[in-house]
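Colleague: Using the supplied hints, reconstruct the complex from the two chains, each of which is provided in its own coordinate frame.
Same order as they appear, the protein sequences are chains A and B. Residues in the first sequence are numbered from 1 upward in steps of one, following the working numbering. Residues in the second sequence are numbered from 402 upward in steps of one, following the working numbering.
Since the hints were derived computationally from the structure, they do not count as laboratory data. Note that the structure is predicted; figures quoted are calculated from it, not measured. If a hint is listed, it holds; no wrong ones were tucked in.
Where chain A lies over chain B, by a calculated footprint (3+ residues, C-beta under 8 Å):
id: 1; stretch: 694 to 703
id: 2; stretch: 706 to 713
Taking lysine-lysine pairs in the DSSO-like style, the calculated list, with each CA pair at most 27 Å apart, reads:
id: 3; chain 1: A; residue 1: LYS284; chain 2: B; residue 2: LYS875
id: 4; chain 1: B; residue 1: LYS875; chain 2: A; residue 2: LYS137
id: 5; chain 1: B; residue 1: LYS875; chain 2: A; residue 2: LYS283
id: 6; chain 1: A; residue 1: LYS136; chain 2: B; residue 2: LYS800
id: 7; chain 1: A; residue 1: LYS302; chain 2: A; residue 2: LYS284
id: 8; chain 1: A; residue 1: LYS137; chain 2: B; residue 2: LYS758
id: 9; chain 1: A; residue 1: LYS325; chain 2: A; residue 2: LYS344
id: 10; chain 1: A; residue 1: LYS261; chain 2: A; residue 2: LYS307
Using N, Cα and C, we set each Cβ at its ideal position, and we do this for glycine too.
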Amino acid sequence: MIVTMNSFDLATEKPKPSHFQPRLDELNIKEAWSAWNGYKFAEYYYEVEYEYFCVRNLCGTYDICPMQKYFISGADAERMLNRMVTRDVTKMKNGRVSYVLWCTDEGRLIDDGTIFRLGDEEFMLTCGSPSTAWLKKSCVGFDNLTIRDRSDDYAGLALQGPTSCAVLKKMGLTGIENAKPFTIHHFDFGGKPLMVSRTGFTGDLGYELWIDAEHAVEMWDALYAAGQDYGIHPFGEQATNMLRLEAGFIMPGYEFNEALKTVHFEFDQTPFELNLGWMVDFKKPHFNGRSALVEEARRGPKYTLTKLDIEGNKPADGSFIYNSKRCTTDIGYVTSAMWSPVVKSNIALAMIETPYLNGELWAEINYEKELRQFHKVARCKIQDAPFWSPERARLTPPSDF
Amino acid sequence: MNQYDSIVVGAGHNGLVCSNYLAKRGKRVLLLEAGERCGGLASTYEFHPGFKTSVAQYATHLPKRIINDLKLRDFGYASHKLDLEALSPEGDSVSLRSGSLFGASADDMAAYQDYDRLLDKFAQMFQPFWQKTVPPIGNNSLSEMLAFAELGLKIRLMGREDMQEFFRVIALPMYDLLDEYVSSPLVKSLLSWDALIGTKQAPRSPNNSVLHLLYRMQGDSEICVNIQNLVEALTQSAEANGVEIRTAAPVESIQISQESEALAATGVVLESGEAISAGQVISSADPKTTFLSLVGSEWLEIEFTNRIQRIRDRGMVSKLHLALDGLPAFNGLDSPDRRLLLAPDVETIECAFDNAKYGELPEQPVLEVTTPSLSSSDLAPEGKHVMSINVMYTPYALKEGWNVSAREALQESVVKTLETYAPAIRSQILGSELLTPADLESRFHVSGGHWHHGDFALDQLIMMRPTHGAAQYKTPIDGLLLCGAGTHPGGDLTGLPGFNAAREALS
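With the rest of the complex left out, here is chain B (with noise of 0.2 Å):
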């Protein structure tokens, strides 16, 4: 007898929807976390003494439908609008609030009114792509070709113009749709940034940054930015539901038997030594982390090790964290209470990308910086900040190596950077903590220290996620699925692959 139903290996936030969902289903369900608390990238911890922090910053879209599912709310989940803005040295500044651009040139603020309504209206269609399981290509049954036949319906639907422009723009390269509509360098930046932010995608690079876009679109028009409450919402809830939570648990193996004619998943064992029996495990670490580390290539097929091995899946973004001693002051800005963007061109993003490309630390960095202290009080003292900072772009494998010089560097040359924008936050400064994508990976267990397990491409994406034969949650193994960001749909704080990972796991 099975001491439980289903294992989840990682409490980051899809580890609480999908292992919540099925406890909802009266599964037994227990829940194995690594680390000392729930949340993976998105778990809080005190990074400087009086100071805390989460990597994750905000939620851009998590789903009405998950939220009210799991009655977050009644555990304390609440969402605010959080806009970006694009800042210049000088001190001017374009932003979106609410859907609308402002700060733009006339001409601008009227074609980004075409812009919009063109991507909302690919945004809509795909809407309940994102919550489905994609089939995969090739011997369909009918129910699976009626999905297929559904999107394409619904690409037909738009209208002829709209559904040519459509197959034009999916995979073209942001700098290139941007050119089409506006002209402004700092609109450019601000209307780019959300199809680059945690990708190994620059301005012009082509692949899919618009299909990453519209995937950002989606779900709860507000954001949550106090992610402490939603990982404590998430962790509430799914202990309300029945599962078992244990942090501290570092998983050392999937165990895989081979007693019938198929190969299948009976449990998992810990670092410590202890065996858990099991009907189901589902991983939520990435794909290279389930299979080549938890299962082992043994028990997998060649080419599917490889198409594995072969993800790409090195992280771009380091986090600054900073203690401030008080709330810094921008140039022009009353309040830095929204996503601020500090790259004043594409042209500066795509070089900052170029030196990352070839190995090396960005010339010019460029940076969106977060105050989440000013939504969560109670993450710094009072009086005092936490600005959290993403900062584009940065190779995983940096080619002198991240030593102590290599790190000072990064972290000098973000400060100077700020500095234009904020010239007196250097002597504000308290504490510091910098995670490169290596530091990113050792310390939160996910291969390549990308936020999204796995590039968003066109050849990583959908049926294609993380790859075939396991872009369904069900993998090669009976008994073992994903249910992590590199499944469909993907990264982000949205629970959408732990949400159709349930539903694959309660088929």
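Isolated chain A, as found in the complex (with noise of 0.2 Å):
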């Protein structure tokens, strides 16, 4: 056989179209792609702050048909779920929605998701990256269930933002002002299935839309024909890293690492170490990593994941943490940082070795300013709630804007 260069055939790299392509092609102005398991994804349509406060103040639409999508249904679901994360399944109600973590079984964080639970056996776990291995590992010794993977044929959209549930209501989702946040409604559009999620990853009020692939187009045009008086647009991945972050949401590949594709050493992450413990619920039936965790919290996280006020308006990304202005010994380093507007703070969420949580914490800001780079040591101060936490996201019914 004869070897050419030209042998190499890299059109199965080539990104796959979101299922909502044909529009967001005519709102990527700027073409700014970049892929996200395989889709087409778009990092913003015209200007990250653009977007950003869009969604603060009116609202705005995210793409999250990339994200992985299982139905897992049948007798054993339940107990294969609960063996799987570490929050208590049992618990959830049918029609509610739970942020869920899964660990190795060395408790280490592998991913985290959402469960829905659309009936007492049928549950829809989402998720940032593509678990099939991990859920055929999981489902070991658990025969009767079943999972679809409907990644590729589901589509989902996020609305976020003050001005989102007037939207849908002028859409024609009668009823959908009295959702709760973390429940599921069901809804007749033209005839097909529409399920709508009171959930998002922007910390403020805001849903997401779940329709039959084919159907995605259609549903499109009609919440932006609702919601063109109500300033909808769409906005991509980088506005979304600023939405999450003043939330204090984390993020893999800035605040964790996923087990399954580290590979030094305890490079990844604990629950514990991202201060998500409440989530482990220890008084539940035995779940993966949990003599592992148990441990942990008895000995108490080597890190702790921390939200930090930082003084000035030089955004810390990158920092070294110090327990003294000197900038002797570095205690941690920051994950996530920007200034933000909404809340009029230099922000930043930092990993932070334990011991350190309670002296002095100094970031040592690297920036630039026209081509000069710059330092400057700036004063940190830990704060427990999240940054940006408005009452509309929890107000049932939310006022219309």
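Modeller: Given below as structure tokens:
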């Protein structure tokens, strides 16, 4: 066989179109595409901060077709999921959504996601990374269940921001204003089933819309027609990253490294290190990683993910954290940082060695001004509550705007 | 208050040994057996009116320490010599008697001396480790590190050349090792057999046939051929030391509690619904049965469950029992009073394995034949005999399924093979029983019908048997231990897993 350079076929590497692609193409005037799970995915559409302000002041849509969507059903579905995740699935009522974590045998975080309880024996699990292999492993010994991976044929669209409820009402989703956070509601959309959950990744009022892929564009058009007067806009990955940081949500690749993809020993994280110990339920029946996490809870986590309010206005991206202004001993590192327009603070999430949390915290910030490099040392204050948590995110029914 | 200190699940020989050692130390021990009688694969039962046998036919290396500790001789245990002889259809034969080769060419006999010296040296070196708990790798205590150091030291003390040779041959296929020493096809068959029988290994399979052979070279140099006596001695000794034995008491589940921070085994529930509590549950069932059926994956970690699920434990040996009208006459043999190997050369063994590997019956089966009624006269009516035949290699999952025609075809090809060595044997057959690996599984509650509860392979041995997290007899669940052939050092009738597990249970 003669091998030539052009025999390498990279065509399969081309990202797949999203189920909303015809509309995304029209709106992405900057052609700022990246990819997520093999899908073409917008970094931004016009400009990051513009999209950010749309979501905080009006409403925006975020394409979640690339999210993994697994439908798990059968008599063993609840037991299997309950053994996999750290929260108690048996306490979930039908029609509810729960944010969940799952860990390795050693208690290291594999991924986070949401479980939708669609019935006594039917669940939808969504997550950011493909998890088929781990699900398959988790099913050994649980024979009465089936898992359908609907990642490629079930479309999802997040609608987030203060006017989002008004838009859905206008779209004809009667009674949506009565949907409480983390609940699921089913609507008839011109004869097609449309599922809406009051969930999101922005910390604000918001919903997620789920529909069979072939009706995705039709739903988009109805939503945008309804949202015209309410300032509906699309927002991309970069705006999402700002929004979730203000809400204090963790992101893979920033706050945690997925355990199954981590090469170096313990370069992954535990739920306690990520300050998510409240999501680990030792009273529920056995779950994966439990014995390791019992030990970790007893010993205390090596690091703790901490919310920081940093003096000044220079974002502390990639900064080391020190226990004194002299910056002699580094005790942690910043995982995400930004100037928050809505809180008007210089905020960050940082992994800090737990014993140092009670002492002084200083960030050494490197920044650039017109190609010149500068650095400063800024005092950090620990903040316990989320940076941004508006009343409207929890209010039922929410006001129109 | 618990009804017992320990419940041992399964009265195979390892369950008997383990419970006995615990009772000797004053523990209140209940031994539960699913079958009608003790012994598991070594239990003796009637397979044809008036004819009895057991699946296990000989114990080649029961350690003297266990024989003495449990006073087995006081309870009727006796050992004898049992030679291995390879026959050719023409009536030629070579044999191993008391560690010497007979009937081979002068060159082969001379080469065998070197071969035997080397393997014997390796076997001696390994000897202490079969009776030890081998620590896991990583985060070891000083005493655990010393255990590794002792093994390292022993290997080093063999001298430079033997040490190098040890590392060279330890994972060598038997075919290659024998090729370096001997040339006669029949001698190669003879010498390879004990490295292969019972596992999913052929002469040319890499991995650790040699280690398997070394394992079989330990212990009492004499062989126990009266398995009924052995099991009775083990049972009586256990009862004498206070073990309470209940047969026909199959265990439905091992009970786990999560009241404290850690999971703990609290007892068992029988299929009858009866619940029995104990401070400790020790299972001699195979690891898959123990963890996946009796405990249940919901109490286990996910990766651990998958390692258990992946244990290679599909047996390759079928057993044919024949009730014979008289003693069969083998070509060129005065009496079949030894282990007869009917495999003319290693290529035939390899081809039989190839068939089975792809889910088919062997075109030419290779057989190991014993006549247990010669050493235990009560197994058959006077003048009549029982023949026990190990048939290699037969797949657990036969492609066409173990239906009537497949069973008949296998039995016919075995009898036909026998006829080439013992021409009149067909007319002597009064009755028969064929046990495929699938039969062994369902009848003796052993996953895959595997004699050893898991293949002998480097990744399933020593501190990895059955898998890390359960290879030191203790398991991730407090108070749940393993004591069966699926743990270090492994299968055959050695009692060592039971012996080692009892030590850990008492620690």
